[in-house]
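Residue numbers (our numbering), protein chains in the order written: chain A, 68 to 183; chain B, 49 to 282.
Treat the hints loosely; a few may be bogus.
As the list claims (entries may be wrong) - Taking CB as the label site, the calculated pair distances span:
(1) K106(A) <-> P163(B): 13 to 21 Å
(2) L270(B) <-> H99(A): 35 to 43 Å
(3) F96(A) <-> A229(B): 25 to 33 Å
(4) F96(A) <-> T205(B): 38 to 46 Å
(5) M68(A) <-> R271(B): 50 to 58 Å
(6) E97(A) <-> T169(B): 16 to 24 Å
(7) V176(A) <-> I117(B): 39 to 47 Å
(8) T174(A) <-> S165(B): 47 to 55 Å
(9) M68(A) <-> S51(B): 31 to 39 Å
(10) I117(B) <-> T174(A): 35 to 43 Å
(11) E101(A) <-> A82(B): 45 to 53 Å
(12) A107(B) <-> F96(A): 48 to 56 Å
(13) L270(B) <-> I141(A): 19 to 27 Å
Stated by the list, open to error - Capping the alpha-carbon separation at 35 Å, the derived lysine-lysine pairs in DSBU-like fashion look like this:
(14) K106(A) <-> K224(B)
(15) K106(A) <-> K144(B)
(16) K224(B) <-> K144(B)
Claimed, not checked - Here are a few chain B residues that sit away from chain A, every Cβ distance over 10 Å (derived from the structure):
(17) P66
(18) D167
(19) T168
(20) V184
(21) I188
(22) L192
(23) L195
(24) I220
(25) L245
(26) P247
Since the hints were made in silico from the structure, they are not lab data.
By construction, the Cβ of each residue, glycine as well, lies at the ideal position given by its N, Cα and C atoms.
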Amino acid sequence: MSETTYLVAFIAVAATATFATRIIPFLFFERHTEHPLVKHLGRYLPAAVMALLATVYLQRSGDWTATAPGLDAILAGVLVVIIHLWRRNALLSIAAGTGAYMLIRQTGVLNTGLFG
Amino acid sequence: MNSLVFRLTLPILFGYLPLGMAFGVLFTTQLDYAWWAAPLMGVVIYAGAGQILAVSLLAANAGLLEVFIAMFVLNARHLFYGLSLLGQFRGAGWRKLYLIFGLTDETYSLLTSRPRSQDTTHELDVDFRITAFNQVYWVIGCVLGALLGRNVAFDSTGIEFALVALFIVLTIEQLKALGDAFPVWAGAAAAGIAMLLLPPAHQLIGAIAIVTAVLLLQYRNLRANHQAEGNNHV
Numbered sequence: 068m069s070e071t072t073y074l075v076a077f078i079a080v081a082a083t084a085t086f087a088t089r090i091i092p093f094l095f096f097e098r099h100t101e102h103p104l105v106k107h108l109g110r111y112l113p114a115a116v117m118a119l120l121a122t123v124y125l126q127r128s129g130d131w132t133a134t135a136p137g138l139d140a141i142l143a144g145v146l147v148v149i150i151h152l153w154r155r156n157a158l159l160s161i162a163a164g165t166g167a168y169m170l171i172r173q174t175g176v177l178n179t180g181l182f183g
Numbered sequence: 049m050n051s052l053v054f055r056l057t058l059p060i061l062f063g064y065l066p067l068g069m070a071f072g073v074l075f076t077t078q079l080d081y082a083w084w085a086a087p088l089m090g091v092v093i094y095a096g097a098g099q100i101l102a103v104s105l106l107a108a109n110a111g112l113l114e115v116f117i118a119m120f121v122l123n124a125r126h127l128f129y130g131l132s133l134l135g136q137f138r139g140a141g142w143r144k145l146y147l148i149f150g151l152t153d154e155t156y157s158l159l160t161s162r163p164r165s166q167d168t169t170h171e172l173d174v175d176f177r178i179t180a181f182n183q184v185y186w187v188i189g190c191v192l193g194a195l196l197g198r199n200v201a202f203d204s205t206g207i208e209f210a211l212v213a214l215f216i217v218l219t220i221e222q223l224k225a226l227g228d229a230f231p232v233w234a235g236a237a238a239a240g241i242a243m244l245l246l247p248p249a250h251q252l253i254g255a256i257a258i259v260t261a262v263l264l265l266q267y268r269n270l271r272a273n274h275q276a277e278g279n280n281h282v
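Bound conformation, chain B alone (with noise of 0.2 Å):
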């Protein structure tokens, strides 16, 4: 089973090593703080785009109230995630605490869009495998890159790229397994919208408010026209 969860998070692992070291790098280069409270943070807290907020937030040793919201607000599309998959976690035992707090973008997408079997005890441990995976790459890469940024000076300018690749060939195999681009479309729109409305820091959370809001109202017109439909038919 190991190598079939390896397979299955082989692009991750290729988009976490590298994004794990550029925290790593960020976090060594930028802070005077020892190099292992970076992989501790991978271990803890487990968010990418958190983590990496994080360094500006103890360069600038925000107050604690600020961090907690600065963190929350950042991650609120987490909240998002849980809700499509209360059913698929349902009867995980001791493994739903830790699949809970491992529920990152990359491995969100991956538990949403992989094929599943019958056997929900097995596809669970699947899943509880590949969070863990997942999270090892994510740690290797804030140690890796901790111990970079301290030893050698290279040339890394542009490797945080790889999150976007990342994001961009989540969303065609997204779209692929739906076989419907109206959600992809609402999604791009709504991050244009937020982007020129929002400074940087909101512009996350609005656009996933924004979209939420357009799935809220075709949800509402789709009821509608099914209740219509229905009451032509008697």
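So here's chain A without its partners, still in its complex pose (with noise of 0.2 Å):
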């Protein structure tokens, strides 16, 4: 197989389980959307995926082997939180965050400003 068939082939095999995992409520579920346990899941099912996302990503955005392990990750994440609970912009939240969490990666100030 040569390099752009093999490009192209596993480009049409992700795209495809991709929207499979899409589709498939839709093919298989259809019938059942009035169904209280679909309406439950729907209704509290959202949250818990957006905190279970928030969660796992910010743990792998944590340098845990760090003096104060994961710290750069919890001070920014803790950064949008404040912000985003005291003003609600998400813009602004998101920005300041991801601001924060660059200059703590690319100084290295957590691990030299405080103990260096």
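With the hints as a guide, bring the two chains together.
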């Protein structure tokens, strides 16, 4: 298989797998939308999944071998929460948190600034 | 209507441009394929975490069956998104297939948390445009990142935190819309358990399985209480 053929096949397979996860509920559960269980999941699942994604990705952005383990991600995350509760402006909250995290990561301030 | 949609999707623009760019930079700096394959993936796959995983699979020359399983499992959370939108997408006609195709984490959370009027046709049109706008942002991010990764050396270390910040903001918004903190704590706890017990590749699906089980138990308890109350009245 040539490089280009592999890339095309790869993209086709990846696209099919992703689309399958999105369309399966519509193919197999279409008749059960009024079922109280489907309504229950529809009501509570979004918040649960967002919290779950936030937790997993927050943990993954942390440097857990640092002097203060995970503090880089936790500080930036707390900043996002505080700024969002204060102004409730999504753009501002995301920019502030990302900026703070990039600053911490690129300057290494948590490892050298406080203790060095 | 487009200016309303633009305002609604502005936070997604801010999340997707840097993340799409991060993917594009990763793609062109780690792989030898043509740069335009990065935006092509944004057009036909359209999944943030999935595409970033795809870069490492491509680098490893992974077999196609492995690619299918890895992408399906990573994106399996989308199975649950559709469930809560079955009713909402009914009657979308030709738009429906694209609404389903474009159901990313961020689009899902926008579609489920925005206020809706009684005019279903109009609201489905807004849903459709939200989905399309978001994908355009994503593809633009992929293009910019791919070109950037090829041509410029700059320190983008840490830019991927935009995704984390976005999920935190969306969690707060969901919490405010719902007025019930239980699912948020359940989601965070499920993530914690999955991260303790599972390797990184299976943590997302594991956490989703746990939190779904918790919500099913909660459903059963609510039903039981409901029936008990009903019996007392008799």
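Going through the hints against the structure:
1. K106(A) <-> P163(B): 13 to 21 Å: holds (19 Å)
2. L270(B) <-> H99(A): 35 to 43 Å: Violated, at about 18 Å.
3. F96(A) <-> A229(B): 25 to 33 Å: holds (28 Å)
4. F96(A) <-> T205(B): 38 to 46 Å: About 43 Å separates the Cβ atoms of F96(A) and T205(B), which means 38 to 46 Å holds.
5. M68(A) <-> R271(B): 50 to 58 Å: Holds, at about 53 Å.
6. E97(A) <-> T169(B): 16 to 24 Å: holds (20 Å)
7. V176(A) <-> I117(B): 39 to 47 Å: holds (41 Å)
8. T174(A) <-> S165(B): 47 to 55 Å: Because 48 Å falls inside the window, the suggested range holds.
9. M68(A) <-> S51(B): 31 to 39 Å: With a Cβ separation near 48 Å, M68(A) and S51(B) fall outside 31 to 39 Å, so the hint is violated.
10. I117(B) <-> T174(A): 35 to 43 Å: With a Cβ separation near 40 Å, I117(B) and T174(A) satisfy 35 to 43 Å, so the hint holds.
11. E101(A) <-> A82(B): 45 to 53 Å: holds (49 Å)
12. A107(B) <-> F96(A): 48 to 56 Å: For F96(A) against A107(B), whose Cβ atoms are near 37 Å apart, the range 48 to 56 Å is violated.
13. L270(B) <-> I141(A): 19 to 27 Å: Cβ of L270(B) to Cβ of I141(A): about 34 Å, so the range 19 to 27 Å is violated.
14. K106(A) <-> K224(B): Holds, at about 19 Å.
15. K106(A) <-> K144(B): holds (20 Å)
16. K224(B) <-> K144(B): This hinted pair holds, its Cα atoms lying about 28 Å apart.
17. P66: violated (7 Å)
18. D167: About 20 Å separates D167(B) from the closest Cβ of chain A, which puts it past 10 Å; holds.
19. T168: holds (14 Å)
20. V184: holds (18 Å)
21. I188: Check passes; 17 Å lies beyond 10 Å.
22. L192: holds (16 Å)
23. L195: holds (18 Å)
24. I220: At about 5 Å from chain A, I220(B) fails to clear the 10 Å cut-off, so the statement is violated.
25. L245: Label holds. Min Cβ-Cβ 13 Å, cutoff 10 Å.
26. P247: With a cut-off of 10 Å, P247(B) remains clear of chain A, as the shortest Cβ separation is near 13 Å.
Of the hints listed earlier, those the structure fails to meet are numbers 2, 9, 12, 13, 17 and 24, in rising order.
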